[in-house]
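Engineer: Assemble the complex: chain A is given as a structure, and chain B must be docked to it using the hints.
Read top to bottom, the protein sequences are chains A and B. Mapping of the first sequence onto the numbering used here: residues 1 to 191, in sequence order. Mapping of the second sequence onto the numbering used here: residues 1 to 592, in sequence order.
For the record, the hints were derived by calculation from the structure and aren't laboratory data. It is possible that some hints are incorrect.
[As the list claims (entries may be wrong)] Label-pair restraints from in silico Cβ distances:
id, chain 1, residue 1, chain 2, residue 2, range
1, A, Gln189, B, Lys2, 28 to 38 angstroms
2, A, Lys124, B, Ile468, 53 to 63 angstroms
3, B, Glu327, A, Glu3, 19 to 29 angstroms
4, A, Lys124, B, Asp467, 50 to 60 angstroms
5, A, Ala169, B, Ala571, 50 to 60 angstroms
6, A, Ala31, B, Gly62, 28 to 38 angstroms
7, A, Ala110, B, Lys541, 20 to 30 angstroms
Since the model is a prediction, treat every value here as computed from it, not as a measurement. The beta-carbon is built from N, C-alpha and C at its ideal position, and this holds for glycine as well.
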Amino acid sequence: MPEVKNVVLCGVGGQGTILASKILTTGLIDAGYDVKMSEIHGMSQRGGSVTTQVRYGEKVYSPIIGKGAADVLVAFEKMEALRYLDDVKPGGFVIVNDQEIPSLPTLQGACAYPHDALDRVKEKVNTQVIEAAGIAQELGNIKAANVVLLGAMVKALGLGDLDWDKALAACVKPQFLEMNRKAFQAGFQAE
Amino acid sequence: MKHILSGNEAVARGAYEAGVSFASAYPGTPSTEILEEISAKYKDICSEWAPNEKVAMEAAIGASFMGGRSMAAMKMVGVNVAADPLFTFAYTGVNGGMVFISADDPGLHSSQNEQDNRYYARGARIAMLEPSDSQEAKDMMVEGFRISEEFDVPVMLRMTTRVCHSKSLVEFGEVQPQEKKPFVRDLTKYNPVPAMAKLMHASLEKRMARLQAFTEETPLNRMEMHDTAIGVITSGVAYTYAREVFGDSASYLKLGFTSHLPEKLIREFASKVDKLYVIEELEPYLEEHVRMLGIACTGKALIPREGELNPDIIRRALLGEEPELIEYDKSVLAPRPPTFCAGCPHAGFFYELGKLKDVILVGDIGCYALSGNPPLNAKDIALCMGAGFSVPHGGQKVIDKFGGKERIIGVMGDSTFFHTGMNSLLEAAYNRSRIIMCIVDNRTTGMTGHQENPGSGYVLGGGKANDISIPEIVKALGISFIRTVDPMDLAAVRTALKEAMAYDGPAVIVTRYPCALKKYSPEDLAEFGRNTVPYTVDTEKCIGCKSCMKLGCPAIRFDGEKKLAQIDGNACACCGVCAQLCPKDAIGKEEK
Chain A
1 MPEVKNVVLC GVGGQGTILA SKILTTGLID AGYDVKMSEI HGMSQRGGSV TTQVRYGEKV
61 YSPIIGKGAA DVLVAFEKME ALRYLDDVKP GGFVIVNDQE IPSLPTLQGA CAYPHDALDR
121 VKEKVNTQVI EAAGIAQELG NIKAANVVLL GAMVKALGLG DLDWDKALAA CVKPQFLEMN
181 RKAFQAGFQA E
Chain B
1 MKHILSGNEA VARGAYEAGV SFASAYPGTP STEILEEISA KYKDICSEWA PNEKVAMEAA
61 IGASFMGGRS MAAMKMVGVN VAADPLFTFA YTGVNGGMVF ISADDPGLHS SQNEQDNRYY
121 ARGARIAMLE PSDSQEAKDM MVEGFRISEE FDVPVMLRMT TRVCHSKSLV EFGEVQPQEK
181 KPFVRDLTKY NPVPAMAKLM HASLEKRMAR LQAFTEETPL NRMEMHDTAI GVITSGVAYT
241 YAREVFGDSA SYLKLGFTSH LPEKLIREFA SKVDKLYVIE ELEPYLEEHV RMLGIACTGK
301 ALIPREGELN PDIIRRALLG EEPELIEYDK SVLAPRPPTF CAGCPHAGFF YELGKLKDVI
361 LVGDIGCYAL SGNPPLNAKD IALCMGAGFS VPHGGQKVID KFGGKERIIG VMGDSTFFHT
421 GMNSLLEAAY NRSRIIMCIV DNRTTGMTGH QENPGSGYVL GGGKANDISI PEIVKALGIS
481 FIRTVDPMDL AAVRTALKEA MAYDGPAVIV TRYPCALKKY SPEDLAEFGR NTVPYTVDTE
541 KCIGCKSCMK LGCPAIRFDG EKKLAQIDGN ACACCGVCAQ LCPKDAIGKE EK
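Chain A with its partners taken away, still in its complex shape:
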């Protein structure tokens, strides 16, 4: 088994980062990896920024990583991609959902939303941009955007051989399974 890999998922409370990381960990465990996943509950759920960290390998000790340690960062929102960019190893990879969610200070006009956040990320690191919300909408449910991003993440991590159908079936309701399978594939095949 390879050395320990580190993945960070970031976004805004309510975007489904936790479900995406749950499906990821389910697939990894089934394939025999040691896995640790860390998330924070509480105040951050009230519209604040949220992150989840997933670590996997033969043996994982710490449930969290420090700055500059993530192999892959998956940002569910553009400004959050820039906020957590220094979690990524120099030479790492960033997947960004092409979506802007304003924060209260920007809604209030107290400060500006950085509309060039994506350019600033691309300038620094290898970046894949995915219109996950649009893809999910086309498949029939915008809420599956998180599974579209999961598909892209699995590809970036080189984990395509694992049994993701089984992991999806274990984590989503049967009536949404087919749609989520399509969402996963769409993300996996996205350029």
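Structural biologist: Relative to chain A, chain B alone:
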């Protein structure tokens, strides 16, 4: 087969395997999911929300006395509330085994301080276990009950946020069904009056001596020998960080049973390594003990006492290594702080409170902690659960004594009122205060994720509860000025506040409206109904005055170019409070 569980889920599984009869808790991050998991998955266990941690601890003690295995769970500041029964429970000891969970919050992810509760084990003279991950959390619950019964002591399982909320693999064990032990009347054990308690204290010291012998032998404390140039003494989640940083280039003394530290083991380990580090989160609890043994070590001289520990901090402190980072300009980032939700029943109420002149506003612990932030800027002071009326009372006495003109208003939520706010209100009623006390009843325990409470009409697991009325309690506690208002009706709020300000005595205002994120009960639907038509801004009428922005609603945006307010129809909770703020009547329901 292994299962991926959070530390809290693992504690629940451990309780089930240990044959626990009774579990009680007051919700508090990061401990809340323990009881939720027990209630959802292990229905053999009688599980309950208590009004506060002291009550939870006492109920669990009663269950232990009657011969069942029992547990209580709480966040670290909850142990302060439960400390009174705990210190005497150490004297009486247990009948059925008893384990309680202290979930500490280094880094203050969701707390008002970052106290290190390991000192409670030493202070109360009880046993303590410190798990590093979910497997240990599960295993230590089971072993904790065995220790509790073998040594006749309460056991504290000391968790931290990262252990509670990180998920890792857990191998399940066999369930050990437990018979009820007989309760035998014994005043020397269960009746701590002075004459008896003296004997109990002597007995406690004997039990402590047995635990001191136990700590030297238990595999919960173990050496992991690798390269001996560096030795690390560590416990809890800090062990995983130390392993991450040093790998096999150091040896470890990994301590899991930490109320009584193994003197011989520490001496033996120290003698085998060249340089000794103590790596622990928050206070130098282990380090002080190692130093007391006359052993030289390095710990808090290099590793900060404050904040959550992580591998980076250890690398920087002990190895002088900085991670290589991507450099970029962070100044362009807009903050994304937590906010009141669209449709929050607190927002309009705090908007009105924030407008009052010559008022000092004391808040409490709950979502409304956010009421001090812009744009509401309402709250001035907060302290701890239930202090929202007693702090104003003492403050008002000093203001009045010196002839000041300020009035103090206290605000707390429904769950906080039941927790310790009732005592706080009684203080003001009894001592003839002239403060204004507001109970913002959102029909649930909001901050921690919608747990039932004595006012919500339901118990943990969804069963019906007795209907307990806040205004009737307030009246029974001696208050004659009571106004119940709909916080979504700002004119009614203003009237109630005006009357309360004119009243020369302890005044109470109760607001009653469900949390915007609450799943409505049938009773909620009958009482409050559901508005489903979003509001919108008439761009012809809007003058760009920003009055509606003062609510801080995340569904309202100000377009700086057009100088107009806009409402996001998907985010709008249809509450209509913003429409009441508009001087030009420009906000109305969307037309279908």
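Engineer: Which hint numbers doesn't this structure obey?
Structural biologist: Hints 5 and 6 not satisfied by this model.
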